Amino acid sequence: MNNNRERLVEIKNLQTYFFLDEGTVRAVDGVDFNIHRGETLGVVGESGCGKSVTARSILNIVPKPGKTVGGEILYHRKVKGVEQTIDLTKLAPQSSEMRNIRGAEIAMVFQEPMTSLSPVHTIGNQICEAIRLHQGLDQAAARELAIDMLALVGMPLPNRTIDQYAHQLSGGMRQRAMIAMALSCHPSLLIADEPTTALDVTTEAQILKLMRQLQDELGMAIMYITHNLGVIAQMTENVVVMYMGKVVEQADVDTLFYDPQHPYTRALLQSIPRLGQKTARRGAGQRRLASIRGMVPDPYALPKGCSFHPRCSQMIAGECDQIEPQMIEVAPGHKVRCLACTGI
Amino acid sequence: MTEALKNTTSAHTATATPESRNPILLEVKDLKKHFPIQRGFLVTRVVGHVKAVDGVSFFIREQETLGLVGESGCGKTTTGRLILRAYEPTAGEIWFNDRKMGRVNVPDLDKRQLKLLRQNMQMIFQDPYSSLNPRMTLLQIVGEPLLVNGVAKGKELQDRVAELLRVVGLRPEYMTRYPHAFSGGQRQRIGVARALALNPQLVVCDEPVSALDVSIQAQTLNLLQDLQEQFGLTYLFVSHDLSVVEHISDRVAVMYVGKLVEAAATEALFQRPLHPYTEALLSAVPKPDPRLRTEPIVLQGDVADPANPPSGCYFHPRCQYAIDRCSTEGPELRELEPEHFVSCHRAEELRLMGVLGRVTP
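Residue numbers (my numbering), protein chains in the order written: chain A, 1 to 344; chain B, 1 to 361.
Because the hints were derived from the structure by calculation, they are not lab data. No experiment lies behind these values; they were computed from the predicted model shown. Just so it is clear, CB atoms sit at the ideal spot from N, CA and C, and this is done for glycine as well. Take these hints with a grain of salt, some might be off.
[As the list claims (entries may be wrong)] A short, non-exhaustive set of chain B residues, derived as facing chain A with CB atoms under 10 Å:
# : residue
1 : Ile-216
2 : Thr-220
3 : Glu-267
4 : Gln-271
5 : Leu-292
Take these sequences, add in the hints, and give me the full structure.
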């Protein structure tokens with residue numbers, strides 16, 4: 001999987017736990033994957049699988065009582081042509097070093113633009129803050145750049161929009177403003193956490209097209225977090241599938257959709273209604289969707305062994321419910337965590 | 001609009017072959033809901049109207065599923081609520097073939113009749129977290145419709161609730177628990193059980209799977225289909241997700257800014273859409289297949305403001321096929337092909353792209 005490409009971020013055995021009164025939730029429990037320069041990596045999984053917490057761990061903004069308790073996040077940065085490797089987990093969240101990276105070199109676009117933009121500051125105010133903080137420009141120059149960024153993300157009348165508040169913009173426009181802010185300092189990695197989930201399909205199409213264009217122009221890597229397999233198929237090169245805080249399968253997007261190995265990945269792909277499927281068979285034939293039985297387990301009491309085994313159709317009694325499977329590379333770049341399908 | 005109405009009514013009599021088609025259960029004619037926009041403090045005045053639903057006509061046959069799709073703010077949820085008269089319609093007719101009262105016009109019913117009607121019309125809500133009272137047990141939630149309507153009480157009520165929970169795939173022992181003890185998918189099942197308590201004829205499903213995870217979504221859709229078969233239910237399925245709507249619906253109606261732009265049998269609409277908005281919607285859905293990376297039709301601008309809609313056809317500022325006529329004259333809903341209704345001036349000449357690509361007729 002793109003081994004020839006330069007690594008940008010290496011996540012090694014990341015563990016982020018939440019210490020609550022009811023017990024410890026292992027939101028991220030031993031996650032390994034790499035993000036290469038300029039690639040689009042998709043992270044897919046259902047709610048509570050740890051995909052957002054992984055993203056927040058990279059930026060060191062895990063909300064309390066969450067804490068990264070183990071593992072490494074190696075970030076390979078280039079400062080004036082000199083390569084540097086920093087372990088982001090070792091930095092204090094408030095340290096100046098972390099603050100220099102966060103927002104400038106690694107930026108994030110959140111799911112709900114209404115709650116992640118400040119309601120009492122204008123759009124321009126918020127974008128300028130990021131620019132002035134990281135690039136040290138004066139007010140006039142920052143404003144100039146902010147208008148350029150808004151124009152770049154296709155905001156109509158950027159000269160006027162810059163002085164508007166978040167509530168005056170539509171959902172799609174707000175998300176464009178978020179993207180403009182995230183890209184204003186030319187990050188090498190953009191983390192997009194469900195950026196289009198709250199949007200309508202036609203607006204989603206606009207934003208997805210915009211993100212592809214911007215990636216071509218600016219060449220940043222994108223870590224795209226979503227539960228929508230359609231978006232994964234259309235947008236990404238490599239995909240990481242997560243279940244209950246662990247990566248269960250990792251492959252390039254074509255392999256993942258055409259040769260999935262893990263029973264969870266297979267079941268997910270079968271359980272989505274596909275546009276055109278029923279029309280193609282003229283409404284005849286099978287009417288039911290294949291569904292995964294049961295539900296996501298209680299995070300306080302994860303099942304022993306493989307955490308998917310109670311819902312798995314290929315479960316081997318006495319093995320899957322006892323032994324925790326390891327990540328096995330079944331083909332170059334294709335890794336699976338499953339006893340039943342790797343045979344180990 | 002009257003023209004469209006005549007079309008709609010004549011359509012049923014003209015094209016429906018009696019042996020293959022079920023009788024019509026619900027018929028909506030020129031339904032309107034205008035919400036007033038009020039300004040001022042102490043002395044309020046009406047400064048305008050949000051035309052949330054503005055002249056919608058459609059029908060649903062017994063035991064079929066009509067999918068109602070559109071983007072947020074297009075009036076699809078309002079339409080669903082108007083049918084149950086959760087909102088008072090501003091104008092229009094809603095003819096319902098009630099099991100007990102016969103064919104009635106819902107807006108004309110008095111309070112007592114409305115209570116009878118709602119035994120046969122129920123609703124499933126989008127958000128299973130906010131639509132269940134956290135202080136009530138499952139027995140109270142699911143049993144309330146039975147109690148209020150004097151259908152059952154005491155031991156009989158418990159037995160009925162146990163039966164309902166079993167039907168939706170929950171264990172009857174859970175009856176004494178509160179909603180917080182259940183996951184999103186299970187809560188949605190509780191909502192379904194409550195809707196089915198009185199054995200309704202029509203169930204309005206308002207985005208019933210939108211808040212659920214992918215794997216739970218499939219379970220819930222299967223459950224809804226099984227129940228439809230088992231109890232002969234009729235669904236009005238309101239959703240913004242076109243893949244889900246294609247999967248579950250027999251016929252589909254598409255709304256844009258308070259108006260119905262197209263309605264047809266599912267396969268006809270998805271294979272050969274006649275309205276440019278339907279075409280754009282279909283192409284915008286991200287396809288879950290990396291080998292089919294298509295360039296979607298990207299609509300310019302945003303959905304029109306229903307308080308201040310554009311002149312002529314509401315879609316014309318975003319439509320790539322718009323001509324001069326579109327900006328001056330609003331199109332009527334016409335039956336262009338049997339059972340395929342569309343409101344577009346250029347519907348005859350355009351060859352639009354469906355989900356299987358462009359079809360030459």
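Do the hints match the structure? See the list:
Checking Ile-216(B) against chain A: minimum C-beta separation of about 7 Å stays under 10 Å; hint holds. Annotation: Thr-220(B) was flagged as interfacial toward chain A, and the flag holds, the nearest CB pair being 9 Å apart, inside 10 Å. A distance limit of 10 Å between C-beta atoms decides the matter here; for Glu-267(B) the minimum to chain A is near 5 Å, and the interface restraint holds. For Gln-271(B), the suggested interface contact is upheld, since its CB lies about 5 Å from the closest CB of chain A, less than 10 Å.
Given the 10 Å rule on beta carbons, the hint for Leu-292(B) holds: about 8 Å separates it from the nearest Cβ of chain A.
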